[in-house]
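Make the full structure from the sequences, and use the hints.
Protein chains: 2
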Amino acid sequence: MNNLLVAQSGGPTSVINATMAGIVDYAKKTNKIDKIYGGLHGIKGIIGGQLIEIHKIFSDNKNLNLLTQTPSSALGSSRYKLKDDKAIYEKIIDVLKRFGIGYFIYIGGNDSMDTVLKLSNYCRENSIDDIKIMGVPKTIDNDLYITDHTPGFGSAAKYIATTTAELFCDLRVYDMPLVGVLEIMGRNAGWLTASAALSGVNGGDSPNLIYIPEVEFDEDKFIEDVKKELAKTHYVLIALSEGLKDSDGVYLCEKTSKKGIDAFGHKMLSGAGKYVEQLIKSSDLGCRTRGIELSLMQRAAGHIVSLTDIEESKLLGAKAVERALEGYTAEMSIIIRESSNPYKVTISSVDVAKVANFEKTVPLEWLNEEKNNVNEKMIEYIYPLIQGEYNTLYENGIPKHIKLF
Amino acid sequence: MNNLLVAQSGGPTSVINATMAGIVDYAKKTNKIDKIYGGLHGIKGIIGGQLIEIHKIFSDNKNLNLLTQTPSSALGSSRYKLKDDKAIYEKIIDVLKRFGIGYFIYIGGNDSMDTVLKLSNYCRENSIDDIKIMGVPKTIDNDLYITDHTPGFGSAAKYIATTTAELFCDLRVYDMPLVGVLEIMGRNAGWLTASAALSGVNGGDSPNLIYIPEVEFDEDKFIEDVKKELAKTHYVLIALSEGLKDSDGVYLCEKTSKKGIDAFGHKMLSGAGKYVEQLIKSSDLGCRTRGIELSLMQRAAGHIVSLTDIEESKLLGAKAVERALEGYTAEMSIIIRESSNPYKVTISSVDVAKVANFEKTVPLEWLNEEKNNVNEKMIEYIYPLIQGEYNTLYENGIPKHIKLF
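Protein sequence lines, in the order shown, are assigned to chains A and B. Going by the numbering used here, the first sequence opens with residue 2, and the numbers climb by one from there. Going by the numbering used here, the second sequence opens with residue 2, and the numbers climb by one from there.
Derived from the structure by calculation, the hints contain no laboratory data. It is possible that some hints are incorrect.
When chains are identical, the list treats them as one kind, so a pair holds in a single copy or across two.
Unchecked claim - The list that follows gives simulated cross-link-like pairs (lysine to any residue, SDA-like), each with its CA atoms no further than 20 Å apart: (1) K275 with R291; (2) K275 with D219; (3) K29 with D221; (4) K401 with L308; (5) K275 with T290; (6) K256 with K275; (7) K404 with H235; (8) K401 with E390; (9) K33 with E54; (10) K401 with V202; (11) K246 with L365; (12) K229 with E370; (13) K98 with L365; (14) K233 with F406; (15) K401 with G205; (16) K92 with R125; (17) K378 with N397.
As the structure is a prediction and not an experimental result, all values here were calculated from the model.
Okay, structure coming up:
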């Protein structure tokens, strides 16, 4: 039982493969692991026995570097939620034993940490102590507890800050009132939307208004806010989260459309930006408006990752292997921030039960008084996470990626 | 009358400022020009006398390099179309004379070349021969005649090819049928949409289906096309132009929405992707679908420009100054392709009358037989244009930009 299994779950990020690279690299260098397997499509694929041997693919560093710069889950993903069905757990343990897996490292977000917790609880209850199960965080949403931030967030924030700066260059060119409405991911947490404010780090423009799900959205107040900004300048950029809700707790997007529910019972969202765009159009603001969605690009833009994020992602992966080899189980690697300026972190590990199923939202004291923008505390928090550029290898004009299945 | 005026017009690109840098750099180095002015907001701003002296700002190369890497029109833009109103022409000439402008270089697309033509015709008819008026092409749409391609297209194509490759990494992670619908700019010409095919240059995925405005869009055939692709793979990416029309010549976006008309009488479009997404949802294809719009990012993503495009943009700008100083007027700088492999071009100049008001669309023989994708001729044409990476200067985690007004 000296083999290691790594798998990925949930919505991809542009550095989730850097974490996998950190895991594979650490596992390669220790003499305690025989074979390294990749589980395809997360826990769902593992149940189906979809394990591929990846040791040889990464025998040299060339492919490991390609893996590091390939966005999204190279092993595929799933949104399968473990039910309280004993047969499923038995099936998983069967597969792990069949492949001689002593160490299972699961890279994912909140729901994936729930899987790590449940599976390790099952092992504990059934006295299976030769399989160590560890979680490594990832999510652009940055909504996990205890860890200072999550891998994936810094790169998404860098993409968003850069894109916001570029959109400002575009929106300001015409000499007429224009309001850009930038919809950013974030169902319940406003971290990503807040990162648009970093477009101003070099003294340039930053969003005039920022609306996040932690603050209820008031339509009348909103129109007043925009009016005030238009009185100051001819171009206004509003950054807002897809998960904005009104005072009755109704998602703005639900006001125009009825969407489905995913396997986790989350409502599937889209369209808060469109709704707000429509609000502006039907107002008396007398401006043009342009809606922009950062869509999948904000989590897939591997060509503009944060070097800080890449390095931390690798370290968190390595930490999970290190702890598993030391005999620990049911933990998640975390980042502890020692200081912001100079930026200094420690990579550590905690009981996954402390993390799973909690959502970390934006502290309201990191917003301005009117709660329609961020303040310097938020900037100080995000700033170090977007620092550094990764030296991406291009071939034939585009970044080179690796394909594992 | 030895001063030079540069101005920008139409929709911005991520290298329109590289052209301006090429103009300023050439003008600085010759001893034939006294002052360099920038006209704000294109011809509209010039009519209003909005000229700023930019000679000193660019006295060192640092700011010239920042200008090169700043996306969108640093001097602002306009969509003002010159009418046949003598008073307007007199006003423009008045302003040019007042500022001692002997050379006016206008960077823009089709409509801007129309301005260059009309203004130089006016000068000719009124024996004003001490003002040379030159055009330099720019447009991500690549729809200008005579020049092999337009500056701005290569960088947009590089962004689109890269983003398409990244989106493929994202779309394929889940083990269930999914169709991505990628809407790309292009009212009447499919060049940009075609460039999504370059995502496959390293052997990776490229769009399963590509629909451009040059081919009428048949809904039934479309559903059949998608069905065939889904039979081969669980993830399908469709790239399509915003300007798709049905067999009656009706824009797909008009089928769902009624939009305005811009100053040039063009219909303002959006929503072909949304329409097609809806088509898939209401079909019996049994797949999920996800619409993605590249929106303003495809013309503003200055952080991922093509080095080839940057270099050519500068050379075209310099050529216009060179020709103007030699006494020519009413010309537009062009790129002549000598060969694709190895890629070799000549920078030249032609009578702007040959270019203005014509639109260059995609030759149908560069598409596959079914006209739902491109063939190797298109790849060969676009390939050299996306080559090379520009060494962008980052500061505090994002690319540094310059602001001129």
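Up to 20 Å CA-CA - D219 versus K275, copy category: within (16 Å within a copy, 28 Å between copies)
Alpha-carbon proximity between K98 and L365, which holds within one copy, between copies, both or neither at 20 Å: Answer is neither: 47 Å inside a copy and 57 Å across each miss the 20 Å cutoff.
Intra/inter-copy verdict for K256 and K275 if alpha-carbon distance must be at most 20 Å: both (11 Å within a copy, 18 Å between copies)
Status of G205 relative to K401 across identical chains (alpha carbons, at most 20 Å): between (32 Å within a copy, 9 Å between copies)
Copy assignment of K233 with F406, given that the CA separation must stay at most 20 Å: Between copies only: 15 Å across chains, 53 Å inside a chain, cut-off 20 Å.
Homo-oligomer pair classification [N397, K378; C-alpha up to 20 Å]: So K378 and N397 pass the 20 Å test across copies only (17 Å; inside, 42 Å).
Homo-oligomer pair classification [L365, K246; C-alpha up to 20 Å]: within (16 Å within a copy, 48 Å between copies)
Up to 20 Å CA-CA - D221 versus K29, copy category: neither (59 Å within a copy, 53 Å between copies)
Status of E370 relative to K229 across identical chains (alpha carbons, at most 20 Å): within (16 Å within a copy, 55 Å between copies)
Homo-oligomer pair classification [T290, K275; C-alpha up to 20 Å]: both (10 Å within a copy, 18 Å between copies)
Homomeric proximity label, K401 with V202: Cα distance no greater than 20 Å: between (30 Å within a copy, 9 Å between copies)
Within, between, both or neither, where K404 and H235 count as close if Cα-Cα is 20 Å or less: between (46 Å within a copy, 15 Å between copies)
The earlier numbered hints that this structure contradicts are 3, 13.
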